[in-house]
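Q: All chains, full assembly: derive it from the sequences and hints.
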Amino acid sequence: EAQVTQNPRYLITVTGKKLTVTCSQNMNHEYMSWYRQDPGLGLRQIYYSMNVEVTDKGDVPEGYKVSRKEKRNFPLILESPSPNQTSLYFCASSQGPGNTIYFGEGSWLTVV
Amino acid sequence: GQQVMQIPQYQHVQEGEDFTTYCNSSTTLSNIQWYKQRPGGHPVFLIQLVKSGEVKKQKRLTFQFGEAKKNSSLHITATQTTDVGTYFCAGDQAGTALIFGKGTTLSVSS
Chain S
669 EAQVTQNPRY
679 LITVTGKKLT
689 VTCSQNMNHE
699 YMSWYRQDPG
709 LGLRQIYYSM
719 NVEVTDKGDV
729 PEGYKVSRKE
739 KRNFPLILES
749 PSPNQTSLYF
759 CASSQGPGNT
769 IYFGEGSWLT
779 VV
Chain L
557 GQQVMQIPQY
567 QHVQEGEDFT
577 TYCNSSTTLS
587 NIQWYKQRPG
597 GHPVFLIQLV
607 KSGEVKKQKR
617 LTFQFGEAKK
627 NSSLHITATQ
637 TTDVGTYFCA
647 GDQAGTALIF
657 GKGTTLSVSS
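Heads up: the sequence lines are chains S and L, in that order. For what it's worth, this note's numbering labels the leading residue of the first sequence as 669, then goes sequentially. For what it's worth, this note's numbering labels the leading residue of the second sequence as 557, then goes sequentially.
Hints are not guaranteed to be accurate.
Stated by the list, open to error - Calculated from the model, a selection of chain L residues having no Cβ within reach of chain S, i.e. all distances over 10 Å:
1. Pro564
2. Gln567
3. Gly572
4. Lys613
5. Arg616
6. Gly622
7. Asn627
8. His631
9. Thr633
10. Thr637
11. Asp639
As the list claims (entries may be wrong) - Here are the computed lysine-lysine pairs in the DSSO-like style, where the Cα-Cα straight-line distance is at most 27 Å:
12. S:Lys733 to L:Lys658
13. S:Lys733 to S:Lys685
14. S:Lys725 to L:Lys626
15. L:Lys615 to L:Lys626
16. L:Lys626 to L:Lys592
17. L:Lys612 to L:Lys626
18. S:Lys725 to S:Lys737
19. S:Lys739 to S:Lys725
20. S:Lys725 to L:Lys592
21. S:Lys685 to S:Lys737
22. L:Lys658 to S:Lys725
23. S:Lys739 to S:Lys686
The hints are simulated quantities; they were obtained by calculation from the structure and are not laboratory data. In this text, a Cβ means the ideal position worked out from N, Cα and C, and glycines have one as well.
A: Dropping the structure here:
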């Protein structure tokens, strides 16, 4: 079954404590991305990756890092989380940047 | 930069009424996609429109792509409670990353 798996699904953390949200896809997709969803703001792209070792900033990259060492994995790193990063995060993958997107189930992150 | 505007932001209907959400782009799109996100869920792909003036149907859902490929609409006939959720359009400008509209959240009362 085609899947994008992200973990954790729910997390409450404290300001400044580094955290990583993992993402893995089993569709051999080259293009992966991270979005955050906030009320009234829709889906905003944080970072994207065209292929292994190729990453680039999306619309709201500040405070986030990513890496793409393997094709299937695209972790999102918050080096020093702040309360304004409290949000619902989606990992996504597709064959290319304009192709159908498959979303993970989402990760609810609360930073206190 | 490219923007995709979606209206309305919210819509409440009585079960059985029709519903339409509209999507407008500031630039010509190579294709437009529609996604549905159920409450508490993740966005799921519904359909892609590619051709100017294209109309596609999925049961009670009708999708249209404008002649100028700058606007699109999703129309639901005789809504049901299972239609509840947020509908997103997403436009692609020649292979660049999809730009999502902010979504229309539909609520349906029975």
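Q: Mind checking the alpha carbons of Lys733 (chain S) and Lys658 (chain L) for me, to see if they're no more than 27 Å apart?
A: It holds: about 24 Å lies between the C-alpha atoms, which stays within 27 Å.
Q: Holds or violated: Lys658 (chain L) and Lys725 (chain S), Cα atoms, limit 27 Å.
A: 20 Å, holds
Q: Does Lys626 (chain L) sit within 27 Å of Lys612 (chain L), going by the straight-line distance between their CA atoms?
A: With a Cα-Cα distance of about 17 Å, the restraint between Lys612 (chain L) and Lys626 (chain L) holds, given a limit of 27 Å.
Q: Check the hint pairing Lys685 (chain S) with Lys737 (chain S) against an upper bound of 27 Å on the C-alpha distance.
A: 23 Å, holds
Q: Measure nothing beyond the straight line between the CA atoms of Lys739 (chain S) and Lys725 (chain S); if it is 27 Å or shorter, mark the hint as holding.
A: At roughly 18 Å apart (the allowed maximum being 27 Å), Lys725 (chain S) and Lys739 (chain S) satisfy the hint.
Q: Tell me if the straight-line CA distance from Lys615 (chain L) to Lys626 (chain L) falls inside 27 Å.
A: 25 Å, holds
Q: May I ask you to check that Pro564 (chain L) keeps its beta-carbon over 10 Å from the closest beta-carbon of chain S?
A: 13 Å, holds
Q: Please verify that the nearest CB of chain S lies beyond 10 Å from Asp639 (chain L)'s CB.
A: Answer for Asp639 (chain L): holds, closest chain S Cβ roughly 19 Å.
Q: A cut-off of 10 Å on Cβ-Cβ distance, and Lys613 (chain L) was said to be off the interface with chain S. Does that hold?
A: 19 Å, holds
Q: Is it true that the CA of Lys725 (chain S) sits at most 27 Å from the CA of Lys737 (chain S)?
A: With a Cα-Cα distance of about 17 Å, the restraint between Lys725 (chain S) and Lys737 (chain S) holds, given a limit of 27 Å.
Q: Just checking, Thr637 (chain L) versus chain S, shortest CB gap more than 10 Å?
A: Check passes; 22 Å lies beyond 10 Å.
Q: Could you grab the alpha-carbon distance between Lys626 (chain L) and Lys592 (chain L) and see if it respects the 27 Å cut-off?
A: Holds. Lys626 (chain L) to Lys592 (chain L) sits at ~20 Å (cutoff 27 Å).
The structure is consistent with each of the numbered hints, conforming to all of them.
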